[in-house]
Amino acid sequence: MGAGQGAELVFVQVAKRFGAQSVLSGIDLTVKRGEFIAIIGRSGCGKSTLLRLAAGLEEPTSGIIQLDGEPLQGINTKARVMFQDARLLPWRRVIDNVGLGLKGNWREQAAKALEQVGLAERANEWPSVLSGGQRQRVALARALISQPQVLLLDEPLGALDALTRIDMQRLIERLWQEQHFTALLVTHDVDEAVMLADRVVLIENGTCAFDWPVRLPRPRQRGDAAFADLVEAILRRILGPESERGAIAASSFGEKRRAL
Amino acid sequence: MGAGQGAELVFVQVAKRFGAQSVLSGIDLTVKRGEFIAIIGRSGCGKSTLLRLAAGLEEPTSGIIQLDGEPLQGINTKARVMFQDARLLPWRRVIDNVGLGLKGNWREQAAKALEQVGLAERANEWPSVLSGGQRQRVALARALISQPQVLLLDEPLGALDALTRIDMQRLIERLWQEQHFTALLVTHDVDEAVMLADRVVLIENGTCAFDWPVRLPRPRQRGDAAFADLVEAILRRILGPESERGAIAASSFGEKRRAL
Amino acid sequence: QKPSPTKKEEGEVIRIGYQKYGTLNMLKARGDLEQRLKQLGYTVQWSLFPGGPQLLEAMNAGSLDFGHTGEAPPVFAQAAGTPLLYVATTPPSPKAEAILVRRDSSIRTVADLKGKKVALNKGSNVHYLLVQALSKAGLTLSDIRPVYLPPADARAAFEQGSVDAWVIWDPFYAAAEQTGKVRVLADGQGLVANREFFFASRSFAQKHADVVHVILEELKKVGQWANRDPKGVATFLAPELGIDEAALEIASKRRTYGLEPITNEVIAQQQTIADQFYQLGLLPKKIDVNEAVWREAK
Amino acid sequence: MKSSRWTEWTWGKAVPWVLPVALLVAWQTAVETGWLSSRVLPAPTAVMAAAWHLGSSGELWQHLSISFGRAVAGFAIGGSIGFLLGLVNGVFRPAERLLDTSIQMIRNIPHLAMIPLVILWFGIGEEAKVFLVALGVLFPIYVNTWHGIRNVDAGLLEMGRVYGLGPWALFWRIWLPGALPAILVGVRYALGIMWLTLIVAETIAADRGIGYLAMNAREFMQTDVVVFSILLYALFGKLADSIARFLESRLLRWNVNYQHRP
Amino acid sequence: MKSSRWTEWTWGKAVPWVLPVALLVAWQTAVETGWLSSRVLPAPTAVMAAAWHLGSSGELWQHLSISFGRAVAGFAIGGSIGFLLGLVNGVFRPAERLLDTSIQMIRNIPHLAMIPLVILWFGIGEEAKVFLVALGVLFPIYVNTWHGIRNVDAGLLEMGRVYGLGPWALFWRIWLPGALPAILVGVRYALGIMWLTLIVAETIAADRGIGYLAMNAREFMQTDVVVFSILLYALFGKLADSIARFLESRLLRWNVNYQHRP
Ligand SMILES: Nc1ncnc2c1ncn2[C@@H]1O[C@H](COP(=O)(O)OP(=O)(O)OP(=O)(O)O)[C@@H](O)[C@H]1O
Ligand SMILES: Nc1ncnc2c1ncn2[C@@H]1O[C@H](COP(=O)(O)OP(=O)(O)OP(=O)(O)O)[C@@H](O)[C@H]1O
Ligand SMILES: [Mg+2]
Ligand SMILES: [Mg+2]
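Protein chains in written order, with this note's numbering: chain A, 1 to 260; chain B, 261 to 520; chain C, 521 to 818; chain D, 819 to 1080; chain E, 1081 to 1342.
Just chain A, with the same shape it has in the complex:
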């Protein structure tokens, strides 16, 4: 598993049905080596399903997923997933959960990863006593430590407060810059998407409905006008400008920013 080497991931007309229900219908998406893509979309639109397809945990009903040019078959061994639920092994201590699947002097690395997510002193506890946000951070530490070529993050910071969230975003960005892995991030926080991603992809009606490149230099500043404009544009699109909701959204997020 070469650190510092992302893999390329290409979705070609990928569709996924569960029984009679069509979730994804014709996803075309190319994720370049080392690219950071954020995926947004409404609850139940198929974001997690897309990540599971990329991880090889589901097979597409039709279409092909290519990993570095080869069709993906079975588990994607180059990828690590941070699932929407933490999925910690209840029978292993926090630190052992973080070091899962690592070799060598993993204990040191795991301790360092735990420190980075602010849980150094909880290393020897059972996962069952952790709070929701703490569990999520353990899962994050586990995903980040594994130095994958493809990192699939499914709402990794959903249960964190604003402060911790900013810290974690920084951590993810730093590691990504160091290791150049390919990243797919599912998030509901448009700010977060724009903060981290090279491209923000909106999933709607089972396809990639929209695709915003983020051409802002890093480190990005939330105070930046271009940043705020992009966030506003995306919010306008997803909240729908015509609706009453759209109006609220625009006033609440967009216009203030433009007014800056």
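There's no promise every hint is true.
[Said to hold, decoys possible] Covered stretches of chain E (in silico footprint by chain A; criterion: 3 or more residues with CB under 8 Å from a CB of chain A, positions within the stretch not fixed): (1) 1227–1239; (2) 1251–1257.
[To be verified] Cβ-Cβ distance ranges computed for the label pairs, FRET-style: (3) C:Gly-551 / D:Ser-874: 20 to 30 Å; (4) C:Lys-773 / E:Ile-1323: 56 to 66 Å; (5) A:Arg-174 / B:Ala-469: 29 to 39 Å.
What the hints contain is simulated information worked out from the structure, not anything from laboratory work. Note that the structure is predicted; figures quoted are calculated from it, not measured. Don't be surprised by glycine CBs; every beta carbon is placed ideally from N, CA and C.
Starting from the structure of chain A, add chains B, C, D and E with the ligands where the hints point.
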């Protein structure tokens, strides 16, 4: 269980320790009948623990919790909790999960609640096939339908996209206005806290460190200057104005808003 | 003999335990006893037992009034305090049990058994037979290697070659002979009596002596029939036991049916068995057979 | 599509029988070639003949029906007691403290050794036999119910209590369905034990029943009937298994682990 | 504080014995008052005397040690096979298809009926006895392992596979610990069965062993020894239970459902 009648909840010097670890140390908090309180604080600061104490699921190590003037003993029968994890019964269909514990023609009510959270057509599926956000909405429907006197919501909208989240906030506010229950809402979204609550309480170092009354008229508008000012004040306080993070926060959330 | 209904409680049940191979089985099949006891106001409840020890176990628990076994089980039952009374016996049938070896075996005499594995049912009639046969050949049990197995298991072990010899009684003895693959080393002649005994529980014999007499009378009749018609016995038993009719005929011919009282000679024979078992350490204490013999109050 | 479904169906139905049938064929061959003495182990054909004989004379059905009655009665009694004990001990720690040791001790007493006592208590009638079956069935149901109850997700129970479910509703909606997979394992095991115990129970003064059939044949060395009764037991095992599987597929439809079952 | 801890400790240790001791007292009283004939059920004191006699002559220890050897050997063999089968059938559906029916069929054959066949296969030596114990132990371990494996959280398995765990690591880190609570239930059950089967196994040409002791005493109606052997079995049951509890408390520390155990 009288609908339209909230209960009063008073925490008097409530402390909670888990073994050697002190989580809450001297919480003093009075929640008036029908009051809507939002609780914010860092991950692991004890928000869920506070809710569990209010629900009677944990006993305080010291101090007293009074419910309508009586000390709370055992389960708080006047309260319903929406847990941080959805806790759906895997062996019951979605609609049966929503109707859990209801009597009379609950099926109709449950169907209506499901429609309100946008999951009408998933009524007869097993919870295991739902997406993360869908599960959360089912749990929300279950909590809202039960017409409690005290409603305890533990990050109820954490896994929802911006659009759905706004819808759900409206739903909660409407039901609260109709039924006048007492509400404690744990959230990481300061916007959400200010949108819904009569008071925003910050938990820090095991105590109620700060308490912002929200005196804005309802329905509240995110575009409102007073709204934005309050959000900014809260964010400044939790992100810490001195730190670099504070600066980011201020620029990203606060100043733009003030500039409006 | 006229019934005197006033004496009896209406519909009282006489509980008789029987085994498949024995006189009571035939008595049950003929149905005469029920007829007679019905006139006396009794009904009969038959219970089938796989062996003597189990039958006496039930009698010990007070679940049986009347039953029959071979000569060894009552010795142990008496030592355990079972309230049984010997009420009658059959004539001896020493030829109905034997020590068998495989046809091609190098063992020719009982003395050759020295150091060999011999399968037998512990504490049964054949245990006594083996002791007697060995002592006649100048050996004791410690000179051979006894392997204690119930008949079915013993046969499997015998045929498989796990044991060298097998001490067994009829009808298994006859069935084994029928296969043509065994040789008889010695049978019970001159060594043992091998009788069948009939018992009543102490309380039953005291309360219902008349019924005991009726049963004995009927048993006598059956015994007479069996002696006259061994082929008939074989025909009757073959489907019951699932054993070849020819083998059963052999078995039937070499035993004597009938009914004899418990004489002092019989008591002495039983006492010898008890003393032998006591010496072998099988019996935990000395017993006096005489105490367990039915003597009607005059 | 249709033909592949059919293949799949036959596959599902046929595969489990591959091994038993192969065994049967090997056995018949071994006997026919004389490698195995037919007196020691009769050929399958001979066993079939014995079965035919027992069946056509009506004897077999008598044995079966009487054993069936005992089995069902014992299962009903022992199963309910075991279930209740498992429930009570799973839910209430003090009850477990008080009872579990005793139950584990009784469980360990072989029926064979217990028969003298059973006869003392129940005589030699049907009660004794049903008692033994009940005793045999009790423990697997008990142990598995206890285990199932003990492992019900505590989070769901909390939720149930908070949502105002009374003890009764809590039991029906959460404890029971949560423990059901484990309980069904107990049932599966107990359905086997039910028949097994009969062979001991029916040595107590029985003259009918399939345990009697087996032991009597053993006693009188009717090898064909012995083997037939062994096959009968095996078939009952299969039957019990099918019942358990049916129950699982009906009651555990929600559980992904039990889906895609034949 | 200290005294309350001590009270708690005694409570934890003593309560399980309340019922057995009460029974013992009732029994002694019943015999002494003549309500129960001592012929039918000897008084505890008489049983003690028999125990003393067996123990002081050294006979008892011979029986115990020889049975213990058989039990351990049988448990080791049957336990491992059962575990492996449960594992394989739990993990691979095709294996389950092929094997499960056959196993369920064999499971249902009573040992008692099987003895003649066992003698044919293994003779009358130790192999036959160990085989029977192994066979008895195999099934509870099999069924529970299978159940445990089948119910391992699929989400955790997915996670493990995504994190690059090989089959071996997947087994040690996820399958096994996930199935462990159920497997331990199987062990608990099997530890009992282990002793139970010996009573049947030791009817095969045994002249030592506690199964032999029990059956021999029953045959010769030595009620005191019969009752003593029943008590012995009960104590073994308690022992097996304690072992199982010890294993649970060591291996399942992470599981809230097994915490706060005495
Ligand atoms: N049962 C328990 N045993 C030991 N420690 C516990 C237990 N429950 C919670 N804690 C600890 O108490 C602290 C507060 O937990 P709590 O769940 O209340 O946090 P929280 O504020 O809800 O955090 P989050 O926002 O991450 O959900 C955490 O450090 C947690 O590890
Ligand atoms: N195994 C399954 N069987 C049937 N339907 C499924 C299955 N998994 C997911 N679905 C359905 O597919 C749709 C997409 O699910 P997915 O989990 O991808 O949503 P999502 O975009 O991640 O939503 P959220 O933001 O709420 O997590 C949902 O409607 C869900 O109910
Ligand atoms: Mg999702
Ligand atoms: Mg929390």
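For each hint, the structure was consulted:
1. 1227–1239: holds (count 4)
2. 1251–1257: Our answer is that it holds, as 3 residues pass the Cβ test (under 8 Å) against chain A, meeting three.
3. C:Gly-551 / D:Ser-874: 20 to 30 Å: The hint (20 to 30 Å, Cβ to Cβ) holds, given that C:Gly-551 and D:Ser-874 are roughly 26 Å apart.
4. C:Lys-773 / E:Ile-1323: 56 to 66 Å: Holds, since C:Lys-773 and E:Ile-1323 (Cβ atoms, about 59 Å apart) stay within the stated range.
5. A:Arg-174 / B:Ala-469: 29 to 39 Å: Taking Cβ atoms as reference, A:Arg-174 and B:Ala-469 lie about 30 Å apart, which means the hint holds.
The structure agrees with every numbered hint stated previously.
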